[in-house]
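Q: Single-letter residue listing:
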Amino acid sequence: MPLPGGELASRPLYFFWICDCSGSMSGQKIQSLNTAIRESIPEMKQVADDNPSGQILVRVLEFSSGAKWRNTQPIPVENFTWTDLVTSGETEMGRAFSMVAEQLKMPPMPERALPPVLVLVTDGRPTDDYKSGLNQIMSLPWGKKAVRIAIGIGGDCDFDVLEEFIGNSEIKPLQANNPEALTRYIKWASTAVVKDVSAPPSQPRGQGSVNVQIGQIPAASTDPDVW
Amino acid sequence: MWRTICGSVRGAIHVRNGKPNQDSIKCRISERGEYGIMAVADGHGSGKCFRSDLGSKIAVDTAIELLEKIVQQSKGANHSFIKDLIESKLPGTLVSQWKKRVDEDYRTRGFSDLSRGEDSLSFEAGFAESEIAPAEIHVAYGTTLLASVVTSRYIAGIQIGDGEILVVSEDGSVERPIPKDERLFANETTSLCSEHAIADFRFFFERLSGITPAILLLTTDGYANSFKDEAGFLKVGTDILKMIKVEGPKYVEENLENWLDEASKRGSGDDITLGILYRQEIMERVE
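Which chain is which? The protein sequence lines are A and B, in order.
FYI, in our numbering the residues of the first sequence are 169 to 395.
FYI, in our numbering the residues of the second sequence are 106 to 392.
The following block holds chain B by itself, in its conformation from the complex:
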């Protein structure tokens, strides 16, 4: 039975600069906990991406809806069919749905409400709204997206842009199921708003037979960047597993945002979001 713990904090730099938390997170657990879905998104902080807090929210909402639809519609389907749905069909649908919802949001809000605000300065103010190209609207809402689904039969994930997905086994070993994308360097990232977004998605899919991961972590890049080295970041997986087992999920839930806040203050200064999908059975074994 799958359960979730979620936390998201505004970065120390954003607190100093008066900017909002541009990360978003959303989780969905089925009624009986047979499957769990989680999505995390990191809205870009650059001046042209001044609606990215909304862009990231639209991204996680869309991802959860579409992944849940896939889970429900593919019950009993073979693994290769589901893998194909996730890797071949989902990115296109996700990108087009995200852009459609962004366009709707823009039609409701426009950019004129920003004309007196600080953000308009970032958006190369000075042209009429009628001159704004659709691509520029999408850039204003630009965001990364990571999403994962775990059922009794398979575990899968999709990712565009930076951020991390970690799979933790019951023995505490931590794996990164999606290999690093060498293009994500310094502060540049692939994005839902880019022209080639569909091709920029990366995936993992694993059928589960017997051995099921203990926990799954999804984080925005602000967390990994807060550790002195990679080993320090990967240790998060082992430690969270141990804390859930020993102290219990309530303890982790109550402390999570304090931990993330501390990591941002002493580390990257960026917004940090961490989603945890854990299997309730890992608790019962300890008891």
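Next up, chain A with everything else stripped away, as it sits in the complex:
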């Protein structure tokens, strides 16, 4: 005898890599980012295996002079592979934010989804109107409820913009001044954060500004600064 009701399904968790591929990211920065994300994938898959109640779907958006999705559709993490990013051009972060906002609308986002995770990785300053793109994200229910993480590479990054993107005084941008730190932060965002988001406990409205309680942020790297 079948179960009552229609098809059962775990709740989708949309994970967005929003990667700066502008000219200033060329060389060791983009190599380190490519390596860090590629190496984090097996552990991200492990997190997915450990929690079958959330189905992790990955999206990758690269931005420089314009922005484009790596895949037309979200990729289930079990099928996700990494193809190296290449660099050139400007830092049109606003365009990237607008494109993310399009994907956070309902539909394509289902109402029953888990809070999406947006991870922004950049080394620079936006060269376009980032505020209007960010406003588009923040005007959407899933934009407001998204867990927004920002990783700034090197000291030239505009951390005020990253703080604005996060929009929550309890979560600070992460500053990666060497490849080891970048690897550590990428791994944390794609495993620990995903783990917290994939089993979010319900909470009464108005109890704190954080939608999902994020665990311990990794400590700063002790390696020497190279960026």
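Among these hints, one or two may not hold up.
Which stretches of chain A does chain B cover? Using the computed rule of at least three CB atoms under 8 Å from a CB of chain B, they are [stated by the list, open to error]:
| # | stretch |
| --- | --- |
| 1 | 238 to 249 |
| 2 | 328 to 334 |
Lysine-lysine pairs mimicking PhoX-like chemistry, simulated, CA-CA at most 20 Å apart [to be verified]:
| # | chain 1 | residue 1 | chain 2 | residue 2 |
| --- | --- | --- | --- | --- |
| 3 | B | Lys285 | A | Lys313 |
| 4 | A | Lys273 | B | Lys333 |
| 5 | A | Lys363 | B | Lys370 |
| 6 | B | Lys370 | A | Lys213 |
Listed next, with one range per pair, are the computed distances between beta-carbon atoms [what the hints assert, rightly or not]:
| # | chain 1 | residue 1 | chain 2 | residue 2 | range |
| --- | --- | --- | --- | --- | --- |
| 7 | B | Gln385 | A | Ile243 | 31 to 41 Å |
| 8 | A | Pro309 | B | Phe308 | 16 to 26 Å |
| 9 | A | Asp391 | B | Gly123 | 29 to 39 Å |
Don't read these hints as lab results, they were simulated from the structure.
Where is the CB? At the ideal position from N, CA and C, for every residue including glycine.
Starting from the known structure of chain A, fit chain B onto it as the hints suggest.
A: Only chain B this time, still in chain A's reference frame:
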């Protein structure tokens, strides 16, 4: 004549994390089955709500008591009087009674028994019990609440927070009598513990004349979140009606918790509770 079937299972995520089932359910059928009352509550899972399993239990106990009092005291009263009692008076009484009982429970248990436990870590440990504000105590017991009553004259329901009430007609059509609350999004919910709880209640009231619903379902949000889409969840109403009619209520009762367990494992991973109030006459017609 009204009958009930109830089931509640600990969520797959709670099993993995070692947390208890924070849902509660309670039903009351009058001696001759002329009326049925059911309440379901979903204690919040966040760290600050570490007593929510008890909070949800207190909520369903309180709701059943107060609704039964209304049913018994309003026999023969006109519908608008009863509707007013449920929509204007009940929320205030319910919230104040719930808070009073929570305070009593806190005075008995305190929070000190948690000082070595995992839960205290969630409750921003480090301050003396004397410093705990009443509002923080209520948050620790925070919960949603859905309750419904059906008599020969009317059907009514109240709700604060997420969860679903479904009314199923004899032809199998399913209705959601309380419209969606757009504020209940992602993992945030209105709650008995909130400052504005009384204003956050939502209601339905319908006088019954001739056509009476076949079954009434109350569930916590873990069930609806386990289905791929809304149509799949609403189909539960049609299927349960058919199963009661064809296989009989005993079959549903014996299998209910297995179904809910399976839904949690393959779906949301959350605690799931389902209460069914069904009219016994739907069986007799088949026979």
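Q: Hint by hint, note whether the structure agrees.
A: Hints versus structure:
1. 238 to 249: It is violated, with 0 qualifying residues against the three required.
2. 328 to 334: The restraint on the stretch 328 to 334 of chain A is violated, since only 0 of its residues have a Cβ under 8 Å from chain B and three are required.
3. B:Lys285 - A:Lys313: holds, 19 Å
4. A:Lys273 - B:Lys333: holds, 18 Å
5. A:Lys363 - B:Lys370: Cα-Cα ~17 Å, so holds.
6. B:Lys370 - A:Lys213: Cα-Cα ~19 Å, so holds.
7. B:Gln385 - A:Ile243: 31 to 41 Å: Roughly 52 Å apart at Cβ, these two residues miss the hinted range, so it is violated.
8. A:Pro309 - B:Phe308: 16 to 26 Å: holds, 25 Å
9. A:Asp391 - B:Gly123: 29 to 39 Å: Holds, at about 37 Å.
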